[in-house]
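Work the whole structure out from these sequences, hints included.
2 protein chains.
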Amino acid sequence: MLKALNQEDIIEMLRTNFAGRIGCTDGDAVYIVPVNYVFEDDHILCHSLDGLKIEMMRHHPSICFQLDDIKDLRNWKSIIAMGIYEELYDTSSIENAAKKFTGQNLFRKASLSSAAPDEQDGRDRTAKPLSTPEVFYRIRITSLSGRCEQEV
Amino acid sequence: MLKALNQEDIIEMLRTNFAGRIGCTDGDAVYIVPVNYVFEDDHILCHSLDGLKIEMMRHHPSICFQLDDIKDLRNWKSIIAMGIYEELYDTSSIENAAKKFTGQNLFRKASLSSAAPDEQDGRDRTAKPLSTPEVFYRIRITSLSGRCEQEV
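Chains as they are written, first to last, in the working numbering: chain Z, 582 to 733; chain F, 582 to 733.
It should be emphasised that the hints constitute simulated quantities derived from the structure, not laboratory data. A portion of the hints provided could be inaccurate.
No distinction is drawn between identical chains; accordingly, a pair holds when it is met within one copy or between any pair of copies.
[Claimed, not checked] Think about it this way: if two alpha-carbon atoms lie no more than 30 Å apart in a straight line, the pair counts; the simulated DSS-like pairs of lysine-lysine are:
1. K584 - K681
2. K652 - K680
3. K680 - K584
4. K584 - K652
5. K658 - K681
So, in structure tokens, the structure goes:
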């Protein structure tokens, strides 16, 4: 049966997962990129290497965060958070954000959120110099919705 | 190690999965919606109930199809197909498309691709009349890219 997820189910999905997808646009083309994240009440904290995706979100801050759990065609959940891209600039906010990802051990090497697939050039990004600019940002959530289907 | 997926790996992922995500935009907001699909060489065949998502793609046909396999933060694959939304209109094309989904048994009830989460209103859509307009479309692929990370 197909039904809407309630707010508690949506929050539970956001709290218990670590990877989702961001959809962003330059006004014409759309990109979907997987990211790891930390959910915090009214926003979703993410980080990425500076690049095409970050540039797009700076210019078009209305973005979409999506998370799903698809077991099969009759048993799945999907949520989307519509939100606004807000980049973190001051050192203290960036350091605080970085600590929240520590448990995910993201700084050992390039992470899920490092670059859009079409920015990928086959180079081993683990070899990038440590000075590569890492951008921390949050998605301020403006709406949450979700649905699921469960075979009866 | 983070690396680009080659064309063969990308095609293999497209051939062996059944559900992905479409990213579409109205020029401002972005939506990501899960869809089931059939991959066919230069395009990806999908279907959805007529609604917000279909309307957006009609007006902004540059869309993104994304597929991933995330085991954990160090072992994952993600691909994106950039493409153009092309709706099927003639009866023969629609019938042919419908047959290709038969194996997925999609017409028994509302499917993964039926409606965007924010079109969801809590009603049991399995109760919708059979006359609900189902739209068949294909995403004509203009570029494919992908990357993966595998712990060494």
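Here is what the structure says about each hint:
In this homomeric assembly, K584 and K681 come within 30 Å of each other (Cα to Cα) only across copies, at 26 Å, whereas the closest approach inside a single copy is 33 Å. Taking identical chains as interchangeable, the C-alpha atoms of K652 and K680 lie at most 30 Å apart only when they sit on different chains, with a minimum of 23 Å there against 32 Å within one chain. Taking the shortest Cα distances, K680 and K584 sit within 30 Å of each other only across copies (26 Å), while inside one copy they are farther apart (37 Å). Taking the closest pair of Cα atoms, K584 and K652 come within 30 Å of each other both inside a single copy (16 Å) and across two copies (27 Å).
Within a single copy, K658 and K681 get their C-alpha atoms as close as 26 Å, and across copies as close as 24 Å, so both meet the 30 Å cut-off.
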